[in-house]
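**Student:** Can you make the complete structure from the sequences, with help from the hints?
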Amino acid sequence: GAADYPAAQPLAESAQADVSRLSNDGDVRIAYMPPATEFNYYIAIGEGIKAEAAANGVEVFMLAPQSGADINGQMGMIQDVITQNVDAIILSTHDEAAAAPLVARAVDQGIAVVIVNSDIAQFPTPVDAVVGYSQRNGTHALADYLVERVGDESEKVGVIEGQPGYHSTERVGGFLDGIEGHDNFEVVASVSGGWNVEGGNTAGMDLLQAHPDITLLFAANDYMIMGAALAAKALGKTDVMLLGNDGDTAALEEIAAGNVTATVNTSPFIMGQIALQVTLDALNGAFAGGFVETPTTVTDKDNVLPVLQNPDALYPKPSKAY
Amino acid sequence: MRAVTKRFPGVVANDAVDLVVKCGEIHGLLGENGSGKSTVIKTLTGVHQPDAGQILRDGTPVSISSPVVARELGVAAVFQEFSLVPSLSVAENIHLGRLPVKAGRVDWQAMRDNARAVLARLRVDIDPDAIVGSLSVASQQLVEIAKAIAANASLFILDEPTAALGQDEIAELHRVVREIKANGAAVLYISHRLDEVAELVDCVTVLKDGKVAARAGETEVNVEAIVGAMVGNVGDHYPKVVATPGETALEVTKLSNGGKVVDVSFAVRRGEVFGLGGVLGSGRTDIARIIFGLDPVVSGEILIHGKKVRLNSPADAIAAGIAYVPENRKFDGLFFNFAGIENMSVAAFGRFTRNGLLDLTAERSLTRELISRLAITPAAEERLVGLLSGGNQQKIVIARWLFARADILLLDEPTQGIDIGAKIGAYNLINELAAEGKSIVLISSDHDELIAMSDRIGIVSNGRLVETKPAAMTSKTDLVRAATAGETRQ
Amino acid sequence: MKAILKSPVLAPLAAWLLVALVTAITTPHFLDAGNLSNLALQVSIVAVVAIGSTVVIIGGGIDLSPGSAIALLTMVFAIMVKFAGIPLPVAIVLVILAGAGLGAINGFLTAYLRIPSFITTVAALSAFRGVAFMFNNGSPVFSVDPNLETIFYGTLFGLPLPLYYLVALYTVAWFAMRYTRLGRSIYAIGGNAAAAMLSGLKVKRLQFLTFLIAGVAAALGAILMAARLNSGSPNYGVGLELSAIAAAVIGGASLVGGRGNIVNTAIGALTIVTVQNGLNLNAVPTSAQNVIIGAIIVIAVGIDMWRVELGGVIGALMPNRKNK
Amino acid sequence: MKAILKSPVLAPLAAWLLVALVTAITTPHFLDAGNLSNLALQVSIVAVVAIGSTVVIIGGGIDLSPGSAIALLTMVFAIMVKFAGIPLPVAIVLVILAGAGLGAINGFLTAYLRIPSFITTVAALSAFRGVAFMFNNGSPVFSVDPNLETIFYGTLFGLPLPLYYLVALYTVAWFAMRYTRLGRSIYAIGGNAAAAMLSGLKVKRLQFLTFLIAGVAAALGAILMAARLNSGSPNYGVGLELSAIAAAVIGGASLVGGRGNIVNTAIGALTIVTVQNGLNLNAVPTSAQNVIIGAIIVIAVGIDMWRVELGGVIGALMPNRKNK
Ligand SMILES: Nc1ncnc2c1ncn2[C@@H]1O[C@H](COP(=O)(O)OP(=O)(O)OP(=O)(O)O)[C@@H](O)[C@H]1O
Ligand SMILES: Nc1ncnc2c1ncn2[C@@H]1O[C@H](COP(=O)(O)OP(=O)(O)OP(=O)(O)O)[C@@H](O)[C@H]1O
Ligand SMILES: [Mg+2]
Ligand SMILES: [Mg+2]
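First to last, the protein sequences are chains S, U, L and X. Our numbering numbers the first residue of the first sequence as 172 and each following residue consecutively. Our numbering numbers the first residue of the second sequence as 793 and each following residue consecutively. Our numbering numbers the first residue of the third sequence as 2 and each following residue consecutively. Our numbering numbers the first residue of the fourth sequence as 2 and each following residue consecutively.
These aren't lab readings, by the way, just hints derived from the structure by calculation. Here a beta-carbon is modelled for each residue, glycine too, at the ideal position from N, C-alpha and C. A couple of the hints might just be wrong.
As the list claims (entries may be wrong) - Restricting the straight-line Cα-Cα distance to at most 20 angstroms, the calculated cross-link-like pairs of lysine to aspartate or glutamate (EDC-like) are: (1) K205/L x D1108/U; (2) K221/S x D146/X; (3) K472/S x D33/X; (4) K404/S x D33/X.
What the hints assert, rightly or not - Example chain L residues on the side facing chain S (calculated, C-beta under 7 angstroms, incomplete): (5) H30; (6) N36; (7) D146; (8) Y154; (9) T156; (10) S232.
**Tutor:** Quick look at the structure:
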């Protein structure tokens, strides 16, 4: 393939579909089906997929409900897409179990199914490939970075969770695992910010108000920490450390501007490129199945510039040249 | 108005109607229910646009494209359906659409003062700050009239202004209408109380089936002539038939509701029509409400066929064989989402339930009987009741209780707003019911009707039953005098 | 022509046929047998819930809570089956009872405490989902039971099972609204509550019952949802109440109360789902779908509003024998 | 006592004081100056939007679209300022006009095409957000303009700017509803549209205007939202319409129309936000918050419903001169 990706790790045997049943009929049409359009992250993955598809001359289209909560809507869309006999579905869902019967049907019909933005090696029904980063490892690395950076300084931590679910649990869990055993960290409160900027802003304001001694805020995604950053600034708390997860372009720019401290850059655009490449390789018989782990890096002011200086691997594009 | 025609889906409500109303004249517009009177009014006030014909004012054609234009042309109207906003105060309602503004602000004080002045002209005591929705129907009617008077119009239209009023209020209204006439304005007056009309108006135009049946001047202004023009010869207006009374069906003793009603006692026998008379607000409706289980009995007893009953809801009352025809059929009587059939059957599903299911065929044939017996328009079978005339609507509400086979009927202003023909129909119905051995409590503010149609009359004053007399020995003055006496005693 | 425009059943049907026709023309796979049973599956949940919404609307209320009730009930269902080991049939009965209980809360507040139903059910919209998040630490319960899926995805004589449920439930509901005292009484209280009370109907109890029925309908929807997704989640059913109300209203139910028709609600639901299906098959982005669906709701209701007048215009040209 | 219970202004105020008291007792930092201005900031957006909701409700309608309108308008605003380089003051004026335009769509469909406002605005709820997603490929626009933040976070004499906006807007709105013909006419059409029409009011135009006002209020809310988050996003404002309606209703506005009071709406909004703030300060999980807020809406409306009767009971004990 054109885009390089790390070697695949095997999936559990019951989770691996027989890739050899696939073939490339020369007129490839791929559906990209994220759980929602409301999360820009999935748009960024989609842009990566689109860019790579254009480079390879294949057709892709995106179909997703607006709201991530609309699982039922996504299932309807999967049904509708299966009806159309596409060649492959690049799928991300908030509810693997719900999708399982439909995924099984798609696989039966000879449609390649690649799960993207997931690290679940044990998908309930066989799929062709899983592409994504380890949620838990990402935020664990962020905690490691933090432990190293603050040394023995005592830190009061406020946590802004997403809506309860796999992503919030894994990310917060990875972070808490990482600071565990370091007694200078104390988690004073944990509230929900509902994954969005608005919720992050309110949560940040209330947290900093109720616990004026907080020195560090960790949010389970970049949007929430950006909202919290505005709250911190408004309250004059310029020395609170602010940590997120995702590597959203806007968050990277905030890091460059010094408004946010660090994030786990999971490079969604690149993840999308890899997902498409894996899909094509599978159709062409050049991919034998498995989990492809995509790279993550803890990004702060010191290493953010090179990322922003490579706008081709970002979506959305940075708002100015760096 | 010249050759004005107005059509509604399936109906020609006004068919080439000519009408001339002169300044300084009180012009009666009469006709049966559904003959198109209100439609004429609505055309003159810009609510409806005529399909054909012309409206002229002082000889020049005008186009009344909206109520705003009508108002600018000096037309003010009391509509048959209240045009009041229940959530606003009396003063604001009187000035609705013409709020006084001073220095860019609504002038609340001027509004109050002005409202007080207008109400004083009608000699009624209503607080301008009261919320209209909390007033009695009669008071609301007076506010509606005050609203039109306040507009100082040159054409003053009243569409059944007296339907909810008592004798005293009607007298005050007549006085004010004559004042208006004396000031040179034209008045167009609609009412189904023909005695009252005959007393007030200078000339009448009679409509029939949307057409002019008699022009102004063609009919003498007296009740007989008007009735003749409206419906032909009808004979006796109050065809009372005295039935042989049987044993006592309903008896109330020392009934009180903890409020207005105090120590009311009376008994009604089978086959008897017991009238409840009194001035507006004397509490007749309240007495009926207690008997129908709507308001609590605080002290006293209700006996049905000699047995003491506790009625905690209308359902209990209906089960005991009592029926109540409310004074406000629009809000308390009719289901506008139903056609006539469903409106008639709603209080007695048991009559057409077979094996636990509604038998719609039986429902249809049972109600069809009532439709022909009460001479209700056959359209009632299919049409939503909202599209039927007022008289037909009233008959449907009465028919509901015949359908339910109630044997004690509380009729609260049952002939309100229905035409003379329908009234006579209702009276015949009352006679028939009495003859069948049913007991009837008749509440009416039309004293002629009350005296003529009752066997005995109880006079209510301030919530007390002050006197009971045979109807034949009761005079109109008795009704009013007893009421006033009751007041002084308080 | 006039009859068609005025008939309560045919107008929504015509609207749906129009939508289906447009979809069939623009979409190659629309008339595939597979897609048609797909359509039946997709419509099933909203159509079942919409029975409850219609009953409440006819009774003069509104219910904004079924989406949240479904979230809560799928959680309860999934936990009962997966963690408490309760057998599927028993769990189904218990979920229906739980749904009736949720409906009873709305009904009690609305009918007996006289709080407007918009308020009680908005509060319930918030509260039921809140409670759903309290179970299982807010996490969805996945892979409940393999037999569960059969309830939704199973077929009988080649047709999807949900189609049978729909036919059965709609027949019962249509029959009940037309041929029972309860149904007729619900029309009456929605048309004029004061008059209904004066006609001896137990208005409060009837209004309470409409919400109870809506709760049961939501529970049936929850069972289908849990079966479809083989899971329970506090995130399920977001916005479902609006689709269900839209189905009722497209079918001619009036939010003023007293008017509405169960069968038309099914057609209303089908219209919404057909549009979505057509747009999905054409890969129209959700953003545009939202705009189109908004427009269709408005047009469908508009047609219903203007129908009488259109009929009137035509009626004026062709005098009708019936009206004398 | 009776007077307090019967007074339309004092009941919501008492309810709020009760809520604030409970919060102050349970929460150490509630009465901090910092938290009080925090409260002012938090209430500002919903309170501004609620002015529009109240006007629409008084006029007999309902507006479910402001949350989506805000999403769309923050996008429009952010794109104008950041990408089109339109100066901030000009952009603000344009956003207000755009808001009026969105309101005009709702108003046109409701007033002139006579589609029930619940339907038009549910459709708009779906459509406006759909359109919002069409801009900038559905991606939020961040870091719009550093000056933008000042609009929201700036202070004057030590008090947050939004407090001044609120006082100014509420004063104007209160005055307009009480002392202008427009305001009184809106009460009239909401109380009885037919009567208003017969009294020469231009009912359609007035109803149209209520939605236009709501659109402008949504635009002002969008400006505050964009300033608060220095960004525009198609995801903003989800559920805001329900909070705004709840604020109006807690403040005594009746969904039947014709009743409501602008000042009480502010108190209603404050009550909701105070509860949320208190719960957040006590780190109560969102799930429980949803339940509590649901309960508070029901109780607040309940108090308003029962107020008259409570007053009546007390009145029966203490006979009042006015009742003769
Ligand atoms: N808005 C309307 N739509 C359809 N038909 C109507 C409408 N208004 C009136 N009609 C019909 O027009 C005819 C005349 O009605 P109108 O109200 O003018 O009668 P009316 O003489 O005022 O009767 P009443 O004495 O009962 O008040 C009736 O058949 C009525 O059903
Ligand atoms: N729907 C109602 N609910 C509660 N009370 C009512 C209702 N309708 C009437 N009332 C009560 O009835 C009384 C009004 O009686 P009303 O003035 O009607 O006496 P009346 O002698 O029957 O006079 P009318 O000639 O108007 O029938 C008031 O005290 C009012 O409180
Ligand atoms: Mg009339
Ligand atoms: Mg009375």
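**Student:** Keeping to a limit of 20 angstroms between CA atoms, is the pair of K221/S and D146/X held or broken?
**Tutor:** violated, 31 angstroms
**Student:** For the pair supplied as a hint, K472/S and D33/X, is the alpha-carbon distance within the 20 angstroms limit?
**Tutor:** The hint is violated at about 34 angstroms.
**Student:** Does H30/L pass the interface hint, meaning its C-beta sits closer than 7 angstroms to a C-beta of chain S?
**Tutor:** Cβ of H30/L sits 5 angstroms from chain S, so the hint holds.
**Student:** If you take the shortest Cβ to Cβ gap from Y154/L to chain S, is it below 7 angstroms?
**Tutor:** At 6 angstroms from the nearest chain S Cβ, Y154/L passes the 7 angstroms test, so the hint holds.
**Student:** Hey, K205/L versus D1108/U, does the alpha-carbon distance stay inside 20 angstroms?
**Tutor:** Since the Cα atoms of K205/L and D1108/U sit roughly 15 angstroms apart, the hinted pair holds (cutoff 20 angstroms).
**Student:** Holds or violated: N36/L as interface residue toward chain S, Cβ cutoff 7 angstroms?
**Tutor:** Holds - the Cβ of N36/L comes within 7 angstroms of chain S, reaching about 5 angstroms at its closest.
**Student:** For the hint on S232/L, just tell me whether its beta-carbon gets within less than 7 angstroms of chain S.
**Tutor:** holds, 5 angstroms
**Student:** Does D33/X lie within 20 angstroms of K404/S when you go C-alpha to C-alpha?
**Tutor:** holds, 18 angstroms
**Student:** Close enough to count: is the Cβ of D146/L nearer than 7 angstroms to one in chain S?
**Tutor:** violated, 11 angstroms
**Student:** The hint names T156/L as touching chain S; please verify it with the least Cβ-Cβ distance against 7 angstroms.
**Tutor:** Violated. Min distance 13 angstroms.
Violation of the numbered hints given earlier is confined to hints 2, 3, 7 and 9; the remaining hints are satisfied by the structure.
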